[in-house]
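Novice: Chains as they are written, first to last, in numbering that gives the first Met the number 0: chain A, 0 to 102; chain B, 0 to 813; chain C, 0 to 445.
Heads up, none of these hints are tricks.
If the Cβ cut is set under 7 Å, some of the chain B residues that face chain C in the computed set are: (1) L796; (2) V799; (3) V802; (4) V803; (5) V806.
Calculated pairs, SDA-like style, for lysine to any residue (alpha carbon to alpha carbon, straight line, at most 20 Å): (6) K89(A) x Y786(B); (7) K89(A) x T399(C); (8) K89(A) x T784(B); (9) K191(C) x R148(C); (10) K25(C) x D96(A); (11) K758(B) x V748(B); (12) K25(C) x T92(C).
Here are a few chain A residues that face chain C, going by a calculated C-beta distance under 8 Å: (13) A3; (14) A8; (15) L12; (16) L25; (17) L32; (18) L39; (19) A50; (20) Q61; (21) L62; (22) V64; (23) A76; (24) I82.
Worth flagging that the hints you see were computed from the coordinates, not collected in a lab.
In this text, all values refer to a predicted model and were calculated from it rather than measured experimentally.
Yeah, the Cβ is synthetic: ideal placement off N, Cα and C, and Gly gets one too.
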Amino acid sequence: MNFAVPTEAFIMLSMVLFILGAMGVLLRRNAILIFMSVELMLNAANLALVAFARQWGQMNGQLFVFFVMTVAAAEVAVGLALIVAIFRNKRSINIDDLHQMEG
Amino acid sequence: MHNETYPQLVPLLIIIPAIGAFINMFWGAKLGERVSGYVGIAASLLSFIISVLIFSYLSAVHGAASVINAPLGLGSWIRMDSIGLNIPWQFRVDTITAVMLLVVTGVGSLIHIYARGYMHGDPKFGRFFAFLNLFLMFMLLLVTANNFLMMFVGWEGVGLCSYLLIGFWWDKRGATGWRNANAARKAVIVNRVGDFGLLLSMFLIFWTFGTFDYYKPGEVANVPYTLYTNGYITAEQAKKGDILAVNPAAESQAAETHGDAHGETHGAHSKPARETLDNSQFAPSRLGVFGQTEYLMSLPEGSPERVINVGGLELDFSVMLFLIVIFMLVGVTAKSAQIPLFVWLPDAMAGPTPVSALMHAATMVTAGVFLLIRANVFLDHAPEARAIIALVGALTALMGGYIGMGQWDVKRVLAYSTVSQLGFMVAAVGLGAYVAAMFHLVTHAIFKACLFLGSGSVIHGVEHGHHHVHAHAHGHGDDHHDAHDEEDSFDPQDMRNMGGLARRMPITYWTYIFATFALAGLFPFAGFWSKDEILADAWHLGFDKGNPIGYIVLGILLLAAAFTAFYMWRQVQMIFHGEPRSEAAANAPESTLWMTVPLMVLAFLSLVGGFINVPKGAPFHGMFKDYEFKHFLESAVPHVTVSPSLYFNWGLALGATFIAFAAIFFAHSIYAGNKAVRGTARRDPLEFVPSAKPIWLLANARMHWDNIYFAVIENPFNRIGKFLADVVDWRFLHDYFHDVVIKKGYDGVGTLLSKPFDKGIIDGAVNGVAWLFKQFSSSLRLVQTGYVRVYAVALLLGVVAVVVVMVLPLLQNG
Amino acid sequence: MGFELVLFIALGGLAVLLAVGMLISKNAVHSALFLIGNFACVAVLYLLLDAPFISMVQIVVYTGAIMVLFLFVIMLLGAEHTTDTTRSFRWLTGLATTAAIALLTAMGAPLVLGGVDLPQAQGDNPQLRIVHGANISDNPNVIVTLRGRDTLTSEPLRFGDVTGFFSVPAGDYTVILNREDGSVVAPPAQLKLAQGDVLTAIAYGAVDLERGTFPSIAVVPARTISERNGETLLKVLNAYSDDTLRLVDLGPNKVLDTRQRPVLDEKGAPTGQQVTTIDDTVIATDLVKGLPIQAAYAVGTHTLAFVNSNNEVVFTLFDYELKRNTEQLVVLAPDVDQPANLDGSVRPRVLRNPALATPTMGQYGSPAGIGLMLFTDYLLPMNIVGFLLLVAMIGVIVLTRPDTASVQRRVVRRRKVSRPLTSVITQQTGSDVLSDTPKLEAPSGD
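Pulled out of the complex, with its shape left as it was, chain A reads as follows (with noise of 0.2 Å):
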């Protein structure tokens, strides 16, 4: 089957997205911004998924893709919250400040 854009073309899209994710993960300081990327690696993932799945022929593609939303939803919801306690205790939300588990 012939699609006017071709599936490697979003798996393409897909993996920039998700490169550009985690090097905000990597890079950034601010634990915000870093949830945020974690999201957009999500979405690539998620992009990826509706893709093969459109390739396929198979919808269980956008099932797993409507679960993963679901879970990130849950996933941000209690991660803002421990941002949110962090915040209360330390006053800052860098991540850098953040290394009581040094060994």
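With the hints as your guide, set chains B and C onto chain A.
Specialist: Chains B and C only, in chain A's frame:
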């Protein structure tokens, strides 16, 4: 009038005193003296009433025995169906039992009432009555049992109560307490020896017969075996009323012979038990031990059924019977204080006087005699053993009388008198005169109880007199019972401190005189009839049947009778006549009604008790039925006397009476007036007679029985015990084996294991591993920066590595 | 270059630019806005990917709810400008960039170089079942053979048997009916099976040499759902009569209710002629032999009748239950098991399929399709995710509670010595401890 249900009341005889004992044991102290005493007396009196009911029933049915199963589902005690063993809780009510019941509960009730007064003020009053009721329970169990094992429970139970009551005042201060406790221990230890003999006898019984039951339920007692095999019972047997199998013809004949009224009575009672026992139903194993004995002895000697296999030995049944009876005799010598195991009984007088009267004179010590009478079937078929029994009894009678002659202690004299009289009974059993033995048992229980209670009254009086004097001297009016513990060594039981009490205690004096005459065998007191019957049976055995045992026993017993009269009059003289030899005696008061009423009752019975068994041709025999007692016992004792048609032996009676009077006269001449005690050392007058002095001193020293026991048994025993304790146990086991071998061995091995092995190797290995991990992890922990981004980069690098690995094959394919 | 490709390039480039903007923006609020734009672009891309429902969810949930939450938190904490001033881990930037480029290279290389063989979209293999309704003399068992990309042979089928569904690859097939001894019953029929087809093939007809007819195959789509509530789709095949039949619901009286009516001309005036009309509900008309008709009819138990053109009832079907979501297949076939009628004609019989519940399928990517899958195949994951959301909700509440969020050092209240012990101390030391001990009071307010 009688009621068929009266025998069913037998279990109550056990239960009622048990309840009384239970109440007094747990709440005796709380209830107080009054309630506690009433509970005890009520239990005893109720038992007496039941005994009277049972007796009335038995006399109405002419002694028909019945077997009663225990109520409340207690039917079976020891039961093993696999080997056919079934020892039930079963009571046997027959005439022997009934007589014993009357004696135990009747005398027991009087003594309970007496003790209510005697023990007044004792701090352990409730406990005393608990023990008395407990004793009553066990004694009734002993006499009502239908098998040897139940009887043994009672036997051991009364032994226990004897121990508890002899040592009742173990807590008195000083040497008295020790003496009481030791007396109790002595009683227990000596009785253990006898019980061992009885146990052996029971083992042999079980081995031989396979059962302990006297008679199985429904079994015809004392019927010669030929009747069983014929399946019929003669009218003569049916007359006794104790029947299982009746030939209809014989029954009608019996009814005709004995008149309508008699036949009706008999027929009414025997209906439930009547069934025709034919030959096919008969099996020896369905019989109790006595029935089997009759059966086996009816077989010709050497028949295979008579051969008993005992541990490889093949013994004839008669030999087995001999062994059984001899071992039983060992038990009897302990319980009934015969040579050589009588030594505990005089010491047992350490207990309170009611105890001495009830247990160590009237009832418990007669258990042995009762056992022998109960086993009369055995004895009847073991004449050799019976001869031994007769000799033991006669010698004990003589020895007891002899030693009693030389004692100072009022209760000790009576104790040896009891030993002597028990010897009379055992001798009678040995002669085969079971009814005579039983008769003497009853009369002796009456007058000896009277004597003991009288002596208790005297002691009580002297004690109070002593306190009275003491209170006047020291100005305090303490009348308490145990107050004399703290006082001087005044002994209220020593006859040398008495004298002249007849004026101070007239009731006690007269009752005592009655009982003394009864014991001495003066006409017409109870002792005369019973003792005369024994002597007559011995006479009959010797002169009529030519049995040498009869001559020997008759001679010994006559001598013993002389001693009896002598020491009793000596005692009367020393206690009641002459002048008071102490302030206490001079001030002794008469006892309360609680104590004197039982004395009077017993004294009256001592006077008339003998008329229950008046021989033919004797004085008064017109007023009473001939041999009433004998006929009553006939159904339970098959061979009631040596000679069933024995007439009153005028010659023997007159001779014995003469001997008794002579002994009393002799004693009176020696001890009359103030001659009872001579000299400052207060010695016996006989000591001043050169020819009589060694004889008296030997009696005073109790023939050195205790010394012999000490030398022959106690001393070696102590030495062996000391050797075992000191050398074997302490030096070898503790010092050497435990300390050296075990402890040091363990120490050595432990040191070896702990120091080089545990600390060196095991700890080293563990610590070494820990050290290694510590070094490794302390270098590894530097990686843990705690910065999330560093971790994230590490993660990303890992992802890159994984992706590269996954993608490489694709690239290669492409 | 089609419109879609242009749209993809434009939106994809925009999405990347927006992501980079998010990455490098100093202001967190700007970052969030960039991300919103990015998400919106991706949502449009979903539309290109035939995922309209996911696209809407992306906009509503992600772009809407989640990003609003982000913005809210940023504003709440005042974290627009965070202090990225710490100079630690300068080396990390280089390393991370290198690793990212390496990853991009590693993942992109196979795609660019064409090393990845993406599978073609296939959909489900066609599914087929066969009904044996052919009237063959001496009524033998028939074996159906399917030849094409794959060859399948059925078990011997008796008249009226219905096979289960079997799956074959899509393509052109030849259907051959054999006796068990191998002799051919009917000329082969051609059958075209496409992806996703779910079909019922009905062998019908009789060998009639005079008229030159042979048994042939009628194909009916099986997996269809009725569009309206209270209705189900009924597939009717006339394999019996050469006449044109009608399927009628007889109604409760179970008798064909006919009436003579005047024939009207075009103007509505009576022409004087009378026709017989049926007053009962007609479910399907024009049932020509061999042509399956699909009709919607109310769910329930009905008494149906086949009526010929002379308004005569050919066959009555009593108490026929029409169920929703169940394939309803009614085949009127000559009954070879029964003896013939008096006039020599064969009696009819209705072949009823066992009521197979055939799950219907929504359109690809539609909310209906996703909903259907959620409530069938993915019911358990759906429940688990729902539970996870509940737990997350509770977790958020717990985390943001003031007293738990602030880790304060709790002051442990020291317990006072209890009374029995003091009495012992008093006894042993002689000093009155109790009077010196402050009285215990209930702790006031927490």
